[in-house]
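Chain B: place on chain Y using the hints.
Protein chains: 2
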Amino acid sequence: MPSLNGAATVPKVATRHPLEQLSVDEVEIARQAVLDARKTFGVLFRNIYAVEPAKAQLVKFLNAEHAGTLSPDTPRPPRQARVQYDTISEDRSHELLESIVDLTSGKEVELRKAPTVAQTALIKDEFVEFTEVCVKSEKFKQAIQEFNLDDKYEIAIDPWPCGGPNPDDVEPRYTQGLIYAKLKHENPDTNHYGFPLPIIPVMDTFKKEIIRIDRLATGGTEDGLAYGTGPKDILGHCKPVEYVPELLDTPLRTDLKPLNVSQPDGPSFTVSDDSLIEWQKWRFRVGFTPRECAVLHDVHYDGRSVLYRLSLSEMTVPYGDPRPPFHRKQAFDFGDVGAGRAANNLELGCDCLGVIKYLDAVLVDSEGKPSVSKNVVCIHEQDNGIGWKHTNFRTNRAVVTRSRELVVQFIITLANYEYIFAYKLDQAGGITVETRATGMVSVVNIDPGKTSPWGNVVSPGALAQNHQHIFAIRVDPAIDGHENTIITEESLPIPMNPKTNPWGNGYEIVRKPVTKSTAIHASPFTNLNVKIANTNKINPISQRPVAYKFTPMPTQLMLADPQSIVAKRAAFAQHHVWVTKYKDEELFAAGEFTNQSQLEIGGVADAVARNEDVENNDVVVWNVFGLTHNPRVEDWPVMPVEIHQFHLRPADFFDRNPALDVPGQKNISSVEVGRNGSAADCCHNGATNGTESANGTVQGEPTSHRQGSVAVPVEQLNGH
Amino acid sequence: MPSLNGAATVPKVATRHPLEQLSVDEVEIARQAVLDARKTFGVLFRNIYAVEPAKAQLVKFLNAEHAGTLSPDTPRPPRQARVQYDTISEDRSHELLESIVDLTSGKEVELRKAPTVAQTALIKDEFVEFTEVCVKSEKFKQAIQEFNLDDKYEIAIDPWPCGGPNPDDVEPRYTQGLIYAKLKHENPDTNHYGFPLPIIPVMDTFKKEIIRIDRLATGGTEDGLAYGTGPKDILGHCKPVEYVPELLDTPLRTDLKPLNVSQPDGPSFTVSDDSLIEWQKWRFRVGFTPRECAVLHDVHYDGRSVLYRLSLSEMTVPYGDPRPPFHRKQAFDFGDVGAGRAANNLELGCDCLGVIKYLDAVLVDSEGKPSVSKNVVCIHEQDNGIGWKHTNFRTNRAVVTRSRELVVQFIITLANYEYIFAYKLDQAGGITVETRATGMVSVVNIDPGKTSPWGNVVSPGALAQNHQHIFAIRVDPAIDGHENTIITEESLPIPMNPKTNPWGNGYEIVRKPVTKSTAIHASPFTNLNVKIANTNKINPISQRPVAYKFTPMPTQLMLADPQSIVAKRAAFAQHHVWVTKYKDEELFAAGEFTNQSQLEIGGVADAVARNEDVENNDVVVWNVFGLTHNPRVEDWPVMPVEIHQFHLRPADFFDRNPALDVPGQKNISSVEVGRNGSAADCCHNGATNGTESANGTVQGEPTSHRQGSVAVPVEQLNGH
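Residue numbers (the UniProt record's numbering), protein chains in the order written: chain Y, 1 to 720; chain B, 1 to 720.
In isolation and in its complexed conformation, chain Y is listed as follows:
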């Protein structure tokens, strides 16, 4: 049975790599252990996945692996599964539990209960149930009947997590739904999002009962927070804008010619059966969890340790429309649903170009039964333009290399919306984490002819509400070892002064180590950089500590009032950088339980509050960045990607440009367009200028427009 990596045969539990995902067999073992232990209850499974070993244990194993001393006798961390589930009593009450199962013995070794106020992430069954319960609900039927809809419509229901309860409210587990009408059509992919209905049914999840129908405002600027004067014909002014090509009201472009990426000798990377990836001096493992999707582990470059673990940790999407109950529109897509479970099954030729390696994941249904979700992660190489170039103006010799990247990508769909996440490694020792926001913006009904301060009308009758996306990346560094120091570095002016800055051009770099766990704000106007340094190891050239660095992206943080529930349940979104002391299992910026939370518990703010020593210590850095998304008409019906990138780069880690040995091979498949510019002339394959030298680098053509200069022998200058 396939593992994450699709290998046909899976080694026994005891010899699998500690960072490998559970096999289907291992999931079965874990499932059975829980069913055995909880046999007097009904069990609703949520997740079964591998326990990441405690760092202290795993590091010993990895050190042996890197030293080449691994043997059957090397102590291994215990191979364990994490099983998340509800026990259901006869009165239908649920208890939210987590068992740790030892996979060698097949026994439960630990049982954890979620705190009373906590709700675990939603699973598919709950979304399906939501629709079923809605359709049967008299409350819901009545609400729909009030709209007096034409028979040409169907009703489409998008289940959503229910946001944060109002202060002092103690709520049972709820699910809410956004409701749309959908034109009946033989094509099931007509776009229903252009027909929003102004109601939100709320379900008591465990009771399976719609407990209320929230009414939504449909007014405009002139109505303030009031409901609006809504038309009787609630959808009469709405219009469909389709996105599937066969339904478009305009023809597809016919003048876009194919652009293929071919790799005739195959990829430059290798992926082993236990998800070890080697590429261009990089060596790392790709892990997978239902919550985070792809995670990078044990990242080395040229035999030197860079990161212990790199992950997308959390994101929150609060909506800025103050009219109740829109304050309950706030998703935590990782904590409320799970990026791994929402990951697209990627398609060859669609989501990447070139030679692609796909990774699968083992997920479970609510009975705990495993199945393989295919192609949830893709790995491929990409050209990112010129990597470095220099032309010697004396000889006109140009040396130019391209920048090749290795991309580890996954894409998640959350009802209307899509995110594309990618880890990109480059040949110069850099790592980029990229987010692309796309999909359909969330819309609500607005009265005919009105506009609103709370969003933009992107389709007749459809107001796309202003909102934010705030992401958290978790960087667990291991810069030449696990004892690292965070150093802030700012470039500051020095007043003009005869003694220290006589002509006023000088500026200074102010460096400060972070000694205690803390939060840091981005500061672009002082050029704030955050260095992750190993102060125990000095770069022999610069005599400064070896380090990686990043520039915190100066983006807007949480706009909601700090006293609001919206803000309190996402305390991580108050600062751009958090520096915490490493603690096993502390992976989630907003804490483990985000669904329906009123407060961030066990997130980065709590971790910082421990006020621990982080200097020359096992430190974790969290980067938060956001996108305030006030929609444009151009975002409808599916928005063009909006891209953000987080860059981690070596800073005195190496003793020179680590990409210096990248060959500047001439790409002989490139073609020059004929000078009359017609396409017909472009297809011959032949280089028409430049010569290729034996070592693969390129000699430039002489040109008459260089700045001339010569080198002069010293003796010529000494002789007179």
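To be clear, the hints were calculated from the coordinates, so they are not data collected in a lab.
Since no wrong hints were added, every one of them can be taken at face value.
Where chains are identical, the list cannot tell them apart; a pair therefore holds if satisfied intra-copy or between any two copies.
No farther apart than 30 Å at their CA atoms in a straight line, the calculated lysine-lysine pairs in the BS3-like style are these:
hint, residue 1, residue 2
1, K450, K512
2, K549, K424
3, K208, K39
4, K424, K60
5, K499, K232
6, K281, K239
7, K424, K666
8, K239, K537
Below, chain B alone, put in the same frame as chain Y:
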């Protein structure tokens, strides 16, 4: 003779497009007119290039062109050449002049003199002369002799512009030089930059005489601004780090396999003989000037006007080492030298992949004689990953398109350093201006074992000084016409309040039109966007003015003391955005004459000071962004590219996502890596999953891990 576009035959003056570059014939006419008019003097030519017609005239012509009413009788702006040159009197004194020559009559129609304090840009002859004058100079020879250099060295001289004179100094035209030793070697491309010598000779340019040798500090932190204790053996501790592949002390990587971009049907763009480019609904012309290199003119999308002109306007590179005379290390690479004249002659297969169209430029030597500089601009298509994607979770149908970009790129070399500039147009109506900094960082000698607050030791004995790169992009918009309004848009919190923001999640967008010419600071924490709107034209969907927008990049601006010459000569570098009223020929952020300036004259600050009405007017927007570059060891010997991007995007300009009609064709050349991960399995060409439907879009595979949901007929809900 070739025009910019390399056409074999060039139309006569009168019928050439007003935005076309001068042909070789036209340059000859202009040259002769000046020689005729100035015949009692020696003439040193600097530039001969086309005069861009006054906007009032050109717009009439372009309107006729777009209306399809162009005829031989359409009034044309006069075809003119701009000739920049010095007249040289018998006493060797120079006068810096500019003539406007009418190309139809062959007569000078206007003569302009540069202001007394102004110095024009440096030309190749002056760089060549600098080296020749140095080598003959007794002062220079003596200085070199003091170093007592071994015969194994040669001397390499990098001429530089001379920066800004100290206050109250009135200087003649100067050129300075950075001096390096170079190991004698049969390979002329050994890297001399690792052997900096601590002197800067300064030449009186017109007298052709080294007037002084500035001594450079070589001390470290402990020496403050003092000269340092420098070793007798000034280069003994320096070491070469080579970058040309045949000289590397490590082998080149052998595990990077080819990645080819093939376009079997040719490019999707066309380039006409008069530089009109059409691609994916975009239509624009590429112009060329010796100062700016490639310029985009008359940019339309789908028949609608977006921009009148888009250019890289200026950049300044001040060095932050306060020890004199390093305050004179401040280049304006566009104004002091000229990006067009410093442009690389690009090589097929090196600087871009795929199918490339190259454009040439006609440049002149100091005798005014034209020659064609080949391949100074390249145009090609590029894949930029996913353009938009949505998966219908009900049907699992994914629609995904890729984002194709058209790239207009040029690369400039300025002695040690390189910049790669690109205009990128995308299918969603967006335009990106990208800068990549690469090449060799500028180093000075530092005593053995020392470190410095003013830079980083990147190679033994070589201190790479801290510096900034501050760029200015000039955007001359024409959003559905020439009367545009700049609107700032900020997203601001609203305090929690029962009446206006009961749950605290609401935030407001505050929009303000710019009424008078002004400067604006980037403000990322209020999500400041700058909209370029046409308030006379309302988007029918959103009911807001049609617009394009950009987010000013929040980067550090000029660090030098505002009272310093370094800062005063680059007033543009004090703000991120400048909004000015259009004025013919006002193209340069730091003014026309930057070389050896003490003050920015005629730059954006002066334009703003005119305090003109800019609302609903012919407005120009300038975007300034910077890169504070405190070098890393990894930047040596050639730095990996550091990338910055400026994004201009439609905001309610269109009535939907303009890329909605981009076909989601499956790329059938993509290949999946075999499940055992070996390269040998990767080379078969065949899609192994997914099916291609007739219309070119892709149906996803069903998967068991979707959130299930169904659409419900309204009658079912109405019936109970």
